[in-house]
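S.K.: As a plain string of letters, each chain reads:
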Amino acid sequence: GENVEQHPSTLSVQEGDSAVIKCTYSDSASNYFPWYKQELGKRPQLIIDIRSNVGEKKDQRIAVTLNKTAKHFSLHITETQPEDSAVYFCAASKLAGGTSYGKLTFGQGTILTVHP
Amino acid sequence: NAGVTQTPKFQVLKTGQSMTLQCAQDMNHNSMYWYRQDPGMGLRLIYYSASEGTTDKGEVPNGYNVSRLNKREFSLRLESAAPSQTSVYFCASSVALGGTEAFFGQGTRLTVV
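Protein chains in written order, with my numbering: chain A, 11 to 126; chain B, 925 to 1037.
Be a bit skeptical, because a hint or two may be false.
[Unchecked claim] Restricting the straight-line Cα-Cα distance to at most 16 angstroms, the calculated cross-link-like pairs of lysine to aspartate or glutamate (EDC-like) are:
hint: 1; chain 1: B; residue 1: Lys981; chain 2: A; residue 2: Glu89
hint: 2; chain 1: B; residue 1: Lys938; chain 2: B; residue 2: Glu1003
hint: 3; chain 1: A; residue 1: Lys47; chain 2: A; residue 2: Asp37
hint: 4; chain 1: A; residue 1: Lys52; chain 2: B; residue 2: Asp962
hint: 5; chain 1: A; residue 1: Lys47; chain 2: A; residue 2: Glu12
hint: 6; chain 1: A; residue 1: Lys47; chain 2: B; residue 2: Glu1025
hint: 7; chain 1: A; residue 1: Lys68; chain 2: A; residue 2: Asp37
hint: 8; chain 1: A; residue 1: Lys32; chain 2: A; residue 2: Glu66
hint: 9; chain 1: A; residue 1: Lys81; chain 2: A; residue 2: Glu15
What the hints contain is simulated information worked out from the structure, not anything from laboratory work.
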């Protein structure tokens, strides 16, 4: 089955700096890659996702890049703010076909701390 | 709209006891999921239901059973709780299986002593 590795496990930055979180996946058939943010004591919420037919997607201060050849994708947060402090999870799934169709496999999570 | 609602929010069980976690969604979603969250291990899929009337095992199904009661409700049962099942449990739902946003419930913190 799919295996998603996420790094780093913890990341500490100063307010205004950029933060980058990287994930690798094992199944070359995976083609949907969402990112979820989980604030302390809260539920995970989708912040951005990308499909394998594009290499990059941006939404204000966050962006995701995908390298299908290398089987890795990254989350980029620019101009970080204290409210960006949270746990971030990457995930991968296949949009169609096979026994693992549709099931999200999550990475281990990255604890991001933004210091004022 | 309440979204995805789970009950209870907290629970302490003794080893060997049973319990059912309830989940309901009001977004008319077809697919529902149960995950457990443990430190350093991300979110692991226990069981899922692609649509009403179907259920399938996920990554870590041992020790659990599920019921898709109707389109809205998807319950998770622990028949004989073990300390290894101490975790935070999340129910989620999505319009369809794969490629769509998963909406999560607020979680259930379960401790088995």
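S.K.: Could you run down the list of hints and mark each one as holding or not?
M.R.: Hints, one by one, checked against the model:
no.	hint	in the structure
1	B/Lys981 <-> A/Glu89	violated (41 angstroms)
2	B/Lys938 <-> B/Glu1003	holds (12 angstroms)
3	A/Lys47 <-> A/Asp37	violated (23 angstroms)
4	A/Lys52 <-> B/Asp962	holds (14 angstroms)
5	A/Lys47 <-> A/Glu12	violated (21 angstroms)
6	A/Lys47 <-> B/Glu1025	holds (13 angstroms)
7	A/Lys68 <-> A/Asp37	violated (24 angstroms)
8	A/Lys32 <-> A/Glu66	holds (14 angstroms)
9	A/Lys81 <-> A/Glu15	holds (11 angstroms)
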